[in-house]
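Engineer: Could you put together the complete structure from these sequences and hints?
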Amino acid sequence: MIDNQIITTVLIHLFTAIIQLAFWRKTVTQRVLSVIGCSLAFLFAVNLFTKVYHGGILTMNAGNWDAPFGIVFVADLFSTSLVLLTSIAALAVSIFSARGVGRARMLYGYFPIFHLLIMGLNGAFLTGDIFNLYVWFEVVIIASFVLLTLGGRKAQLEGAVKYMAMNILASTFFLTGIGILYGITGTLNMADLALKIPKIADQSIVNLTSMFFLIGFGIKSAVFPLYFWLPSSYHTPPSAVAATFGGLLTKVGLYALFRVFTLMFEPTEFIKTVFIVMGIMTILTGAFGAIIKNNIRRLFSYLIVCHIGFIIGGLGLYTKVALLGAVFYLIHDIIVKTNLFLIAGLIRQLRGTMIMPKLGGLYAEYPKISFLIAIVLFSLAGIPPLSGFWPKIYLMEAAFSSANYFYIASLIVGSFITLYVISKLWSDVFWKDADTDDIAVVDSFKPLSTLNKVILVLPICLLACTSLFIGLNAEFIIKVADRISNEMLDTTPYIQAVLGHK
Amino acid sequence: MELLLVFLIGVLYAAGVYLILRRSMVRLLLGIMLLGNATNILIFLLGNIVKGKPPIIEESLKVFKDIYADPVPQALILTAIVISFGLTSFAIVLLKRVYALIGSDDLDDLNTPEEEDL
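If you're matching them up, the sequences are chains A and B in order. No gaps in the numbering here: position 209 of the first sequence is 209 in this note's numbering, and each next residue is one more. Each number in this note's numbering corresponds to the 1-based position in the second sequence with 1000 added.
To be clear, the hints were calculated from the coordinates, so they are not data collected in a lab. The model shown is predicted, which means the values in this text are computed figures rather than measured ones. Any given hint might turn out to be false.
Unchecked claim - BS3-like mimics (lysine-lysine), calculated; alpha carbons at most 30 Å apart, straight line: (1) B:LYS1096 - A:LYS196; (2) A:LYS479 - A:LYS272; (3) A:LYS453 - A:LYS392; (4) B:LYS1096 - A:LYS51; (5) A:LYS196 - A:LYS272; (6) A:LYS432 - A:LYS368; (7) A:LYS272 - A:LYS358; (8) A:LYS358 - A:LYS479; (9) B:LYS1065 - A:LYS199; (10) B:LYS1051 - A:LYS196; (11) A:LYS392 - A:LYS358; (12) B:LYS1065 - B:LYS1051; (13) A:LYS162 - B:LYS1096; (14) B:LYS1051 - A:LYS199; (15) A:LYS453 - A:LYS424; (16) A:LYS199 - B:LYS1096; (17) A:LYS154 - B:LYS1096; (18) A:LYS154 - A:LYS26; (19) A:LYS196 - B:LYS1053; (20) A:LYS196 - A:LYS320; (21) A:LYS358 - A:LYS424; (22) A:LYS368 - A:LYS392; (23) B:LYS1065 - B:LYS1053; (24) A:LYS368 - A:LYS320; (25) A:LYS199 - B:LYS1053; (26) A:LYS392 - A:LYS479; (27) A:LYS199 - A:LYS320.
Structural biologist: Dropping the structure here:
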């Protein structure tokens, strides 16, 4: 069904950014505009989600060129769920930024670029054309370069060099894959590719091409041998930026992996094994990296890597239950990882540092905020019935039924280490007595006005409520994830919706 | 022509990979640019090079009856060139800032110790 509404979230962020450019030096106006833009985008994303949930896949042909000749935008349940989650995370980050990002950074255009980044993410989720996906990826990475370097601290620029080099390299791999794919099929439309790729006589070249996509998206989603840029750059920017990156940027790489390897390339046994091995190694290296880190944001960076392994492993198992679990984990992970970095930013406001040995006594001083943070940490660790618990059950079940015991073992080890680092963080930051003798505590939170306090705590509360919703209303999320995994295994509805009834 | 391009692509990829494995930041940037250009030529090559057959349907006909030069790869390359232009110019400014701040071109010097974290 053709519906031009699916592109509204992209347009809203685009126009918000353009209007904000007109208010270059008026940071208060920019803050208000940003929250308004994100709220509008959220409403439209909810609307789009309900439409797709009840009515099936929607498409839009750009410039009214029929698929497969023009660029087509497709909203299936997977894309719209991610658009909805992105809009929730973006809303939270935009509220937090109003106080959590310094005015100097805003004067260099923080808000317009933030909106362009979210626009790129929405576009990447919604497009049905592989080259257009590349273009959206570039929109995302160039916006993320600027956000990462904004402020120009030494550590930031150093992180940015690594981030930039790896991401441009990933794009080159992706583009090479697209070039070969166009050479062997003569089309760029993903649904059309799904029909044409199985008909190619020499399937070995198809597998070779899929490796280019695997490496390109693997770098972007930070899987095992390709993730080293992530822990060396994500701890440097302001926490609001790190929240956007941690929650959303790696997930767009995962989305692309799922899309490419379920719709276009049916993974062979070898590729599935590669996925599972990558998943196991990602979980283990990420988890062990998290143990030794003392800085909260460095620790969270490694946890991002660790939990991406869960999702990649789920894709590698490639059964219905495994995909269901992986999609559920993706849904849970976007919200909770965004929230973790916002929490890191809040702790920085409360204490002026994010190094755990220097922190302490937050529970005694701020019991309500501590309780809020506890909910988030519990759902990250997967304490039942919170949101991290359900997907792990499904992943575990899928791994048992395909007798993949290494993956089960790494799931368990990964979960336990997550629990361990989370409890270490909790006792260090919240329960331990603050060591006030030799370290001056800089509490920039207490002197703030009530409005500013609300601005800092409300987004964390919003995301924590979303996590609670995902955990306590798991039946609905499972229903959604179930339909998404059906869409992945049976791509006929997607292809029919894009190409018409052929 | 095709054979020439194949060799050119091979040389560009090899040189690009060699350069990004060096420790100098400028060489890293040059390597990334060479890889990008190699990819562009690869798309051009794989889009089947046809000489002197513009993709225009004759007035009396409804469809192509002859082979024609495919315009899509060129559109792709154009887009990719524009994008890599933007990325490269950002990268140059970034590396210049890093050089001004650190005073070194060596990638191994990009390690602020963890103790200086916020």
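Engineer: Next, verify each hint and record whether it holds.
Structural biologist: Cross-check of the supplied hints:
no., hint, in the structure
1, B:LYS1096 - A:LYS196, "46 Å, violated"
2, A:LYS479 - A:LYS272, "25 Å, holds"
3, A:LYS453 - A:LYS392, "35 Å, violated"
4, B:LYS1096 - A:LYS51, "49 Å, violated"
5, A:LYS196 - A:LYS272, "22 Å, holds"
6, A:LYS432 - A:LYS368, "17 Å, holds"
7, A:LYS272 - A:LYS358, "44 Å, violated"
8, A:LYS358 - A:LYS479, "44 Å, violated"
9, B:LYS1065 - A:LYS199, "24 Å, holds"
10, B:LYS1051 - A:LYS196, "27 Å, holds"
11, A:LYS392 - A:LYS358, "34 Å, violated"
12, B:LYS1065 - B:LYS1051, "16 Å, holds"
13, A:LYS162 - B:LYS1096, "15 Å, holds"
14, B:LYS1051 - A:LYS199, "28 Å, holds"
15, A:LYS453 - A:LYS424, "27 Å, holds"
16, A:LYS199 - B:LYS1096, "49 Å, violated"
17, A:LYS154 - B:LYS1096, "13 Å, holds"
18, A:LYS154 - A:LYS26, "27 Å, holds"
19, A:LYS196 - B:LYS1053, "26 Å, holds"
20, A:LYS196 - A:LYS320, "24 Å, holds"
21, A:LYS358 - A:LYS424, "14 Å, holds"
22, A:LYS368 - A:LYS392, "29 Å, holds"
23, B:LYS1065 - B:LYS1053, "12 Å, holds"
24, A:LYS368 - A:LYS320, "41 Å, violated"
25, A:LYS199 - B:LYS1053, "28 Å, holds"
26, A:LYS392 - A:LYS479, "16 Å, holds"
27, A:LYS199 - A:LYS320, "25 Å, holds"
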